[in-house]
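Protein chains in written order, with the UniProt record's numbering: chain D, 1 to 215; chain C, 1 to 215.
Keep in mind the hints are simulated off the structure, nothing from the lab.
Errors might be hidden in some of the hints.
Repeated chains share a single entry, so a pair holds when one copy, or any two copies, can fit it.
Unchecked claim - With a straight-line cut-off of 20 Å between C-alpha atoms, the simulated DMTMM-like cross-links for lysine to aspartate or glutamate are:
(1) K133 / D197
(2) K190 / D158
(3) K180 / D158
(4) K180 / E166
(5) K63 / E204
(6) K63 / E213
(7) K113 / E62
(8) K190 / E53
(9) K180 / E53
(10) K34 / D101
(11) K87 / E204
(12) K87 / D51
(13) K38 / E26
(14) K45 / D137
(15) K190 / E123
(16) K133 / E112
(17) K190 / D97
(18) K180 / E62
(19) K63 / D78
(20) K20 / E8
(21) K190 / D162
(22) K37 / D143
Protein chains: 2
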Amino acid sequence: MPARFVFEQKLQQLHQDLIKMEAVVERSLDDAIKALKKQDVELAKEVIKRDDEIDRMELVLEKECLLLIVRQQPMAADLRDIAAVLKIITDLERIGDHCTDISEYTIRLANEKYVKPLVHIPEMAEEVKKMIKDTIDSCVNKDIELAKDVCARDDRIDNYFDTIVEELTTIMASNPDVVKQCTDFLFIVKYLERMGDHATNIAEWIIFTVTGEHI
Amino acid sequence: MPARFVFEQKLQQLHQDLIKMEAVVERSLDDAIKALKKQDVELAKEVIKRDDEIDRMELVLEKECLLLIVRQQPMAADLRDIAAVLKIITDLERIGDHCTDISEYTIRLANEKYVKPLVHIPEMAEEVKKMIKDTIDSCVNKDIELAKDVCARDDRIDNYFDTIVEELTTIMASNPDVVKQCTDFLFIVKYLERMGDHATNIAEWIIFTVTGEHI
Chain D
1 MPARFVFEQK LQQLHQDLIK MEAVVERSLD DAIKALKKQD VELAKEVIKR DDEIDRMELV
61 LEKECLLLIV RQQPMAADLR DIAAVLKIIT DLERIGDHCT DISEYTIRLA NEKYVKPLVH
121 IPEMAEEVKK MIKDTIDSCV NKDIELAKDV CARDDRIDNY FDTIVEELTT IMASNPDVVK
181 QCTDFLFIVK YLERMGDHAT NIAEWIIFTV TGEHI
Chain C
1 MPARFVFEQK LQQLHQDLIK MEAVVERSLD DAIKALKKQD VELAKEVIKR DDEIDRMELV
61 LEKECLLLIV RQQPMAADLR DIAAVLKIIT DLERIGDHCT DISEYTIRLA NEKYVKPLVH
121 IPEMAEEVKK MIKDTIDSCV NKDIELAKDV CARDDRIDNY FDTIVEELTT IMASNPDVVK
181 QCTDFLFIVK YLERMGDHAT NIAEWIIFTV TGEHI
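With the sequences and hints as input, model every part of the structure.
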C-alpha cells in the first residue's frame, strides 16, 4: 500500500477514536449537570467512575499519535494534524476531570435545599457542551469557520459566568446562612467556565493546524 | 556522529529549554503574588505581558519535541521522555495563564482595602512554586522520589485551599459588604490550587516516563 494511503487511513482511525472520546466526555458533562440539578448522588458517582475510562482513552490516543509520528514520519501539515490531536486529548481529559469536580460538589450538596432552582447553570453547560462537540467536528472536518465560531462563543460563556457570579454574590450578601452553599456553586460555575476555555483552546489548535497561525 | 549521541544531545537541549521555560513561569508566579500582595498594578501588568513569552516558549518546545520524534524516531523509553515534555509544557503554559488570571484580579482589586492582610495566600503560592520547580528538576534528573514527593505535597495545597475558603466564607457570612472582594479571592485561591494540580500532573507524567506506570 502506498505510504500516503496508510497514513490517511491511520489518521482517519485517530479521528474516529477522538470522536469516541468526545462522546464519552459529552455524556459525562450531561450527566454531571443532570445529577447536580436533580441532586442525584448515584449519577454523580457514575460520572466520577467514568473518569477512569476517559483517562484510559487519552492514553490510548496519545500512544496512537506518537507511534504514528514515529512510524510515518509526517512533515509540515500532517505533523501539525497529529500535534493538534495530542493537544486536544489533554483538553478533553481535563474537561472530564472537571465533570468529576462538579460531581464531587453534587455529592457534598446532596442533602441541602438549593437557594434557588438551577436555571442558568444548566443553560451554560448546554452551551459549553455544544462548543466541545463543535470543536471535535471542526477538527475532523477541518472546518475553520466552525472553529472560529467556537472561539467567538466563549464570550457567551464568560457572560454566563459573570451573571451567575453576580447573582450568587447578591444572594450571599443578603443571606449569610447560604454563603457556604453559594461558594460551592461559585466553584461549579468556575469549572464550567474552564471547560469553555478548554474548548476554545482546542478550537485555537485546530485553526493553527490548518492555517499554521496561532490566534 | 552516532545516532544515539545526537539524540542524547538533542534531549539535553530540550531539557535546558524546559528549565528556561520553568524559570519564566516561576518568575511570573512570584511577581503575580507580589503584585497581589502590594496591590502593584504595574507589576500585575508585567505578568500579563510576560504570558506571551511563555506561550512562545511552549510553541518552540513543542516544535522541538515533534521534530525530534520525526527525525530520530525514538522508541519506548526515549519516546516516553519526549511525550512527557510535550505534556509538561502544556501544564507549564496553563500555570502561566493562571498567573495572568490572578493578575487580572489584582488590577480589579487595586483600589480596595483588603479585608485582611494576605498571609496564607503567599504561603500557599510559595509551596506551589516549589512544587513546580521540583517537578522540572525531577524530570531533568529522572528523580522519581522527588516526583513522588511533589504528588504527596498536593495534599498540603488542598489543605491551604480548604483553610482559606473556610476563612473567606466566615468573613463573608459576617460582613455582607465584602462579599464581592472575598469572591475574587476565592477565585484567586482556586487558581493557585489548579497550579498545584498542574504540578502534580507533571510529576505523574514524569513517574510514567520512567516507570511506564500511570499513578
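Hint by hint, here is what the structure shows:
no. : hint        : verdict
1   : K133 / D197 : within (14 Å within a copy, 26 Å between copies)
2   : K190 / D158 : both (10 Å within a copy, 17 Å between copies)
3   : K180 / D158 : between (23 Å within a copy, 17 Å between copies)
4   : K180 / E166 : both (16 Å within a copy, 9 Å between copies)
5   : K63 / E204  : between (23 Å within a copy, 17 Å between copies)
6   : K63 / E213  : between (26 Å within a copy, 14 Å between copies)
7   : K113 / E62  : neither (43 Å within a copy, 48 Å between copies)
8   : K190 / E53  : neither (24 Å within a copy, 26 Å between copies)
9   : K180 / E53  : neither (32 Å within a copy, 39 Å between copies)
10  : K34 / D101  : within (14 Å within a copy, 29 Å between copies)
11  : K87 / E204  : both (10 Å within a copy, 17 Å between copies)
12  : K87 / D51   : both (18 Å within a copy, 19 Å between copies)
13  : K38 / E26   : within (18 Å within a copy, 42 Å between copies)
14  : K45 / D137  : neither (29 Å within a copy, 37 Å between copies)
15  : K190 / E123 : within (14 Å within a copy, 23 Å between copies)
16  : K133 / E112 : neither (33 Å within a copy, 41 Å between copies)
17  : K190 / D97  : both (13 Å within a copy, 15 Å between copies)
18  : K180 / E62  : neither (40 Å within a copy, 42 Å between copies)
19  : K63 / D78   : both (17 Å within a copy, 13 Å between copies)
20  : K20 / E8    : within (18 Å within a copy, 37 Å between copies)
21  : K190 / D162 : both (10 Å within a copy, 16 Å between copies)
22  : K37 / D143  : neither (34 Å within a copy, 45 Å between copies)
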